[in-house]
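There are 2 protein chains.
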Amino acid sequence: MKTDNNAPKTLNGSTAESIREKILQGEFLPGQRLSEATLSESLSISRNTLREAFRLLSQEGLLKHEPNRGVFVATPSVTAIIDIYRARRLIECQALQLAYPHHPAKSLMRDAVEKALRLQTERNWQEVGTCNMEFHMAIVQMADCERINQMFSRIMAEQRLAFCSLPPEQLHAPYVEQNAAILELVEAKKFTEAAAMLNDYLLLAERSVLSTYSRYVGEGS
Amino acid sequence: MKTDNNAPKTLNGSTAESIREKILQGEFLPGQRLSEATLSESLSISRNTLREAFRLLSQEGLLKHEPNRGVFVATPSVTAIIDIYRARRLIECQALQLAYPHHPAKSLMRDAVEKALRLQTERNWQEVGTCNMEFHMAIVQMADCERINQMFSRIMAEQRLAFCSLPPEQLHAPYVEQNAAILELVEAKKFTEAAAMLNDYLLLAERSVLSTYSRYVGEGS
DNA sequence: AATCTATTTTTGTTGAACAATATGGCTCTA
DNA sequence: TAGAGCCATATTGTTCAACAAAAATAGATT
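Quick note, the sequences are listed as chains A and B, same order. FYI, the numbering for the first sequence is -16 to 204, going by the working numbering. FYI, the numbering for the second sequence is -16 to 204, going by the working numbering.
There could be a bad hint or two in this list.
Pairs involving identical chains hold if they fit within one copy or between any two copies, as the list cannot separate such chains.
As the list claims (entries may be wrong) - Distance condition first, Cα-Cα at most 30 Å in a straight line; then the derived BS3-like pairs of lysine-lysine:
hint : residue 1 : residue 2
1    : 172       : 98
2    : 173       : -8
3    : 5         : -8
4    : 172       : 5
5    : 173       : 47
6    : 172       : 89
7    : 5         : 173
8    : -8        : 47
9    : 47        : 172
10   : 172       : -8
11   : -8        : 98
12   : -8        : 89
13   : 47        : 5
The hints are simulated quantities; they were obtained by calculation from the structure and are not laboratory data.
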């Protein structure tokens, strides 16, 4: 087993990683403008290096680059949320149908569900959300497709960004049991039923997120 | 109708566009190393600007960035081709199943098929290949999902890159009729059958490409 | 209040410089 | 001859200072 040495080897790479983290951690808020002068000084790096990191993150969808105006933390709009859930339904449900009985990702699903159940009793919603993401990431891994995995993790990062503007409380709570139910169907090798349930799950989640979103935020661009 | 002003407004953006074009046109060959000093001089731009363009294209998958070694035109390996076709089957077939009768993308499919049939008689394989790509792009657009469209066009760019190393002759020829048959099923609103046929089509295409590939190229990394 | 102009700020781009890392060739040794 | 270590070289990574170009701001004019 090789150590997955994914650590960035260049300064612009590690800078991108650091900014990515700050965005997902909520330190940089959606819509916020990131000034080259200010940020490069506060990170003690040159403007050029920072700009390279910006290009990396823009292509990932976490930053939005407006020529001659600056880079901004992406602000998921209502249409973006709809689009994200549409992509998720397409990818996740199909991945689940392509699954086979003893796929290694199944244990990842189980781990995620059990961990979520545990953390739910502690009311640790932040971590429950992470488990939920891991669960769905595991579903996608069933398709055994590297490119799909990669695009999906980007989509989930974008969605996580949308959640930043929302109250974290019960957003994930009702879904832990749903995940458990889906896992049960998978373990019973009823892949088609599992996919159908997942589809309903995602439709419901979308409606819930959208209504919460429109209550807390005005309108997306 | 607004003019889709997609033209890059910055030099690093237009540089990326220009390099992208040269890669897809075969001017830059897979595996080739792009020297910062040489390229920046031949394009009459500064190294820093070129590096920003490199970061853009690396994230698109057209270039591979190896820290401290340089950037190389991506070289699709056998495993990459397998992965690409797996992603295509997942996305395209599902998009086709999600289609509805009067979707605007259907006319795009028809245009692509008719144009391909015309160009086929002229033995213009280069353009036939482009039509084939447009046909499959149109299929994906049936899903009405911007993020899926975007990732798919990246995947197709990567595949086109793989085709650069291959003789262009009959790679697309037998598929024009297949596309026409799929279109017919779609127009007859038999979406599930169309998806099934597309799946077979892609499995066959994968086998064909792989055998051609292994005949012309040794082994991927 | 709205428009235009001038000022200021910020981004875009450049060139030179140096540090850090890989490359290639060299010698030395076994 | 094959391989290990070492040096010179080339390339990438990063910084800095400067200026051009575009956008944001403020002020003056109508």
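Results of checking the hints against the structure:
In the homo-oligomer, the alpha carbons of residue 172 and residue 98 lie at most 30 Å apart inside one protomer (22 Å), although the nearest pairing across protomers, at 45 Å, exceeds that limit. In this assembly of identical chains, the alpha carbons of residue 173 and residue -8 never lie at most 30 Å apart, being 44 Å within a copy and 51 Å across copies at closest. For the identical chains of this complex, residue 5 and residue -8 are neighbours both inside a copy (19 Å) and across copies (28 Å), given an alpha-carbon limit of 30 Å. In this assembly of identical chains, residue 172 and residue 5 lie within 30 Å of each other by CA distance neither inside one copy nor across copies; the values are 40 Å within and 48 Å between.
In this assembly of identical chains, residue 173 and residue 47 lie within 30 Å of each other by CA distance neither inside one copy nor across copies; the values are 41 Å within and 40 Å between. Taking identical chains as interchangeable, the C-alpha atoms of residue 172 and residue 89 lie at most 30 Å apart only when both belong to the same chain, with a minimum of 11 Å there against 36 Å between chains. Taking the shortest Cα distances, residue 5 and residue 173 never come within 30 Å of each other, neither inside one copy (40 Å) nor across copies (48 Å). Taking identical chains as interchangeable, the C-alpha atoms of residue -8 and residue 47 lie at most 30 Å apart whether they share a chain (25 Å) or sit on different chains (14 Å).
Taking the shortest Cα distances, residue 47 and residue 172 never come within 30 Å of each other, neither inside one copy (42 Å) nor across copies (40 Å). In this assembly of identical chains, residue 172 and residue -8 lie within 30 Å of each other by CA distance neither inside one copy nor across copies; the values are 43 Å within and 52 Å between. Taking the shortest alpha-carbon separations for residue -8 and residue 98, neither the intra-copy value of 33 Å nor the inter-copy value of 48 Å comes in at or below 30 Å. In this homomeric assembly, residue -8 and residue 89 never come within 30 Å of each other (Cα to Cα): the closest approach is 33 Å inside a single copy and 46 Å across copies.
When the C-alpha separation of residue 47 and residue 5 is checked against a cutoff of 30 Å, the pair qualifies both within a copy, at 15 Å, and between copies, at 26 Å.
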